[in-house]
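Could you use the hints to bring the two separately framed chains together as a complex?
So you can see what is in the structure, the chains are spelled out below.
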Amino acid sequence: MTSPTITKAAGAAKTPPPRPASARGRGLPWAAMARLTGRRALAAVPVLVAVTLGAFALAAASPFDPVRQYAGSAGLRASQDTLDQLRENLALDGPFTEQWWRWLTAALGGDLGWSVSLRQPVAQVIGERMGWSVLLCALAFVLAVTFGTLLGVAAARRQGGWLDRCVTGAAYVLQAAPPFWLGLLAVWFFALHLGVLPAGGLTDLGEETVTAGSLARHLVLPVGVLALSQLPWFALYTRQGVADALREDPVRGARARGLRERTVLFGHALRSGLLPVLTLVGTRVPELITGALLVETVFSWPGIASATVKAATGSDFPLLAAVTVLATLAVLAGNLLADLLYALADPRVDLEEM
Amino acid sequence: MTATDPAAPTAPDTDAAAWRTAGTDGRPSRTPRGLLSLVLVAATVLAVLLVPPLFPLDQQAVDLAAKLRPPSAEHLFGTDEMGRDLLLRCVYGLRVSLLVGVVAALVATVVGIAVGAAAGALGGTVDRLVMRAVDVFAAVPHLLMGIFIVAMFRPGVWPVVASVGLTHWVSTARIVRAEVLSLRTRPYLDAAISGGASRGRVIVRHLLPGVLPQAGLAAVLMVPHAIWHESALSFLGLGIPAHQASLGTMVEAARGTLLAGAWWPTLWPGLFIIVPTLAIAGLAGAWRERIDPRRRSELML
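Protein chains in written order, with the UniProt record's numbering: chain S, 1 to 354; chain C, 1 to 301.
So here's chain C without its partners, still in its complex pose (with noise of 0.2 Å):
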């Protein structure tokens, strides 16, 4: 039994039928749901590419006499105590924890599979070790983990991204390694053994791009992860230096405008988490009832 979250709800009954039994019924389409993360995410990453070249922005200019102006026309998110634009700001954080993430789950995933392929393709002894490690890993609450790893190490870009990394990667190692174990048995992996393949040849040739579906659904959905786990670091002091803000060092920033009634400056950063993991989490859930449609979701955040 993993800590793992929530399952994702199945696909609701439009035709409120509960009494029905299950399985016989279609499943209604979720192409709208589907189609509006696919815009959300894009939307992400062309703000993400386009608006730094477009709008530079000066991250220490400061313009005191336009500081802690509300939402306006002028400055749709409204300005933070150094006279800052919300919106370019948020973008420029959104980059930053972006970029945090995606190269933290990205570690996370590689070490995963490594670590998940190895335990399920050896077996025997390492399969043993490498389960009880998990269970060490599991064992310490994630962010106490990554506050411990970058406490021991000076705050930075680096220290989260291997603090995310490595507590992430269990959860993958899982996935991979119960699927290498399901493909274990297959017909074609007899065949290519009794051929005369070796062991590595087997591992890279025939189980990795069974297991890679799944784990790259596993990657993706640590994106989330990794971006709520940066921002948890920042906001605690121990993520991402000032000078370069990420969403987590806005919110932390902002709480002493916050105390003074100003609003703005905390909430929009907040949004800018929420609105692309919920949209990341969307399109991970339409893949994956492309990929199989009978599992239920192990990974959501």
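Bound conformation, chain S alone (with noise of 0.2 Å):
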């Protein structure tokens, strides 16, 4: 560790710190990022090819026949000339390779089969409520990093004191709790007990159209129980993060030079503490996905993540296998943009060389 001379640190506590001059003076690297872009493309290529193949390995194991599934009651007093018939038309005989190809080349045309619990094509099912996810998973990370981050910070302040023992014991509660339980006290507390907000969906009963209104009111319950679910992790770690951080030469420089609390906290402390929570924040995809999945559920929320769980207990494996692809995706994109903001953060990482 190096200590800064006293000139040196002073200049930065009113400028940005010095940054290296590639990254100064031609802004974003961006041909570097393009660069690390496509590399990761390239390298999804393989992951996803082994996913949705492991996803038809599965289905062909199952005991689940979805020719009598697809026929639903039918399928009980059809012959089996029929049946055979149903499985040709539907694209289903031949061994489980050959199927993942059919639905590989139908999938990469935009056919992703047919959804037989929603009774739609999947594209339609994946188009209708993509964006209600998005906007639910969105809203609820924004504000949980916000939050995380800020009562991090409060708790690291004085380490070991009621605030930071109340924060660190609340997050790893929270933590411990599952989401969908929270959900229902929420619904109970909120919408039967104090009746100020809705239990779920996004319209009021009657109500045809979603205005904007009764949209802001049907999106506080879900999204902060999302919210509330992934902040301990923000807050431990930046709590984490900035108590390492006070403990460092330049913050005990900026505390001799006499400079005020906040700019120690947050212009130094926080700046350099923040690094490591950052660098992580595209990582948290995975829980956030499987934190919309149960929140969804909770609320009625018309998402792609309740249809999900719709799907699974209807065995519609053509939504099943659409949606593992998309998360898949998402997980892949989290990890690239938890890559890129580190190396962006960090000036010392190469992007070449990840």
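It is worth saying that the hints were derived from the structure and are not from the lab.
Be aware that a few hints might be false.
If the Cβ cut is set under 8 Å, some of the chain S residues that face chain C in the computed set are [as the list claims (entries may be wrong)]:
#1 Thr37
#2 Gly38
#3 Leu42
#4 Val45
#5 Val47
#6 Ala57
#7 Phe64
#8 Phe180
#9 Val187
#10 Leu278
#11 Pro286
#12 Ile289
#13 Thr297
#14 Ser315
#15 Leu320
Glycine included, every Cβ here is placed at the ideal spot set by N, Cα and C.
Here it is in structure tokens:
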């Protein structure tokens, strides 16, 4: 650890911290970022192939017969010939690798198959529901990052103090609490006990169109619960990062120069303590998807995650396969985002080497 | 960079002297927290083991006259929509959840140790292939993969165990592989190899014992994860069948009565998930400080 000289540190307090010429002079390194994105896109192909192939292998080992499922109760009375004919029409004959190849070529052309549980084409299901899920997740994520960071800084400021104990304790409890349980208790308290917020869905009873006001009221509980389930992680990590940074030489130097506590906390400690948090933000996508799966179910939110649960109870393979691919893409994009942020935030990291 | 859960906060500074240099102040004792965790874990295990033989419960028995009673002296936790005592049912549910959690965590740990040790010890192509497989498994959210597996098979105890085992081995495999790679460079291994020990003997006799403390820690921390996962699947109606109620199934079943204003059938099962989770995490934290005081947690629920 090098101790900065007084003059240098004093300059850093007024102006942004010094950055290498490459980052400062030319703005963002777009070309290197594009190359990293391209490399990741290439690396995603084998992962997606493996995931879809695995999904088809699982479906082949499944005791459920998709043809009988498609036929429903009529399938019980149908003759074997009819079922075979149906199987051929649905392109469900042949080994699973063959089915997988047919699905893949069709999917690349935009045809993702037919969802039995929702009685719609899968592409239409995704198109109609994707927006609601993205809205929910994005709002919750922004809230969780903002409040998690603030609480983390507040806790790190006086380690071992009452605020720190409260925040850390609450964070551990919240992290152990299942999101669906939090959601149900929130429904009970806010919708039934106080009666101030709707319990679920997108519109009030009898309303046909979604208005901004009613959407906002229906958003509060699901977004709040999802944010609450993601928040502890950010709070604990920020607390750790800022607490570590508070013990470092630059902070001691800043205090020695008599800078205001707020400047030291936000200008020095948070800036270096947030780095590890920032770089891990992208890797939270799986947890966000997990939370969305549960929260959307509790609040009957018309998003893609609640459709997934419906598809699972109905063993609706085409929809499940498409959702799995989508989730995998989101996770990979999150990892890419994490690496990009890491390289941008820490000038010592070379994008070309990632 | 992996999707690890938050690092355990380091021991709080008792004197809140933030300007002190790190590492010089002694770590305050965490014994009270460790002791409390131990007591809670012991109480959980004892309750789960002793209550069923002492207070046998007919899972099908209903007493509709006493349905939805709020918590009282007679029924500490109240009764559910069938008039069954919630405290007793929660203990029975915890039993199922804990059993599934322990078995699933064991499966995941065994798979993780086998895969991680093979990758670390064999190296080369095997290592690369295994790490690519780990990437694939890490790219699908665990709950979604669990939902997929259970949806393709009939809901029940074994699909849930399989789905937890198949999704949660990745972190253990990573830890074990890293540990094996660091052990490989130790002189005592060179001595064993030049002494003529076979590859199998080196792995079983010299590598595995060194890996077991870390792997055991990961396994213990996996139990709350597995319970959480099982509850989530059960809540979604994809887990344990209703007649052998787990905590997740109980929360699911209580949704109807919650809308009628009865909060207690929902509240208690959730608390029964949270308390053992925190206790196990606290216990594992104490253990971690024993085996490696400097190491930050990799697995923390």
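Against the structure, the hints:
no. : hint   : result
1   : Thr37  : violated (16 Å)
2   : Gly38  : violated (18 Å)
3   : Leu42  : violated (14 Å)
4   : Val45  : violated (12 Å)
5   : Val47  : holds (5 Å)
6   : Ala57  : violated (10 Å)
7   : Phe64  : holds (7 Å)
8   : Phe180 : holds (5 Å)
9   : Val187 : holds (7 Å)
10  : Leu278 : violated (12 Å)
11  : Pro286 : holds (4 Å)
12  : Ile289 : holds (4 Å)
13  : Thr297 : holds (6 Å)
14  : Ser315 : holds (5 Å)
15  : Leu320 : holds (6 Å)
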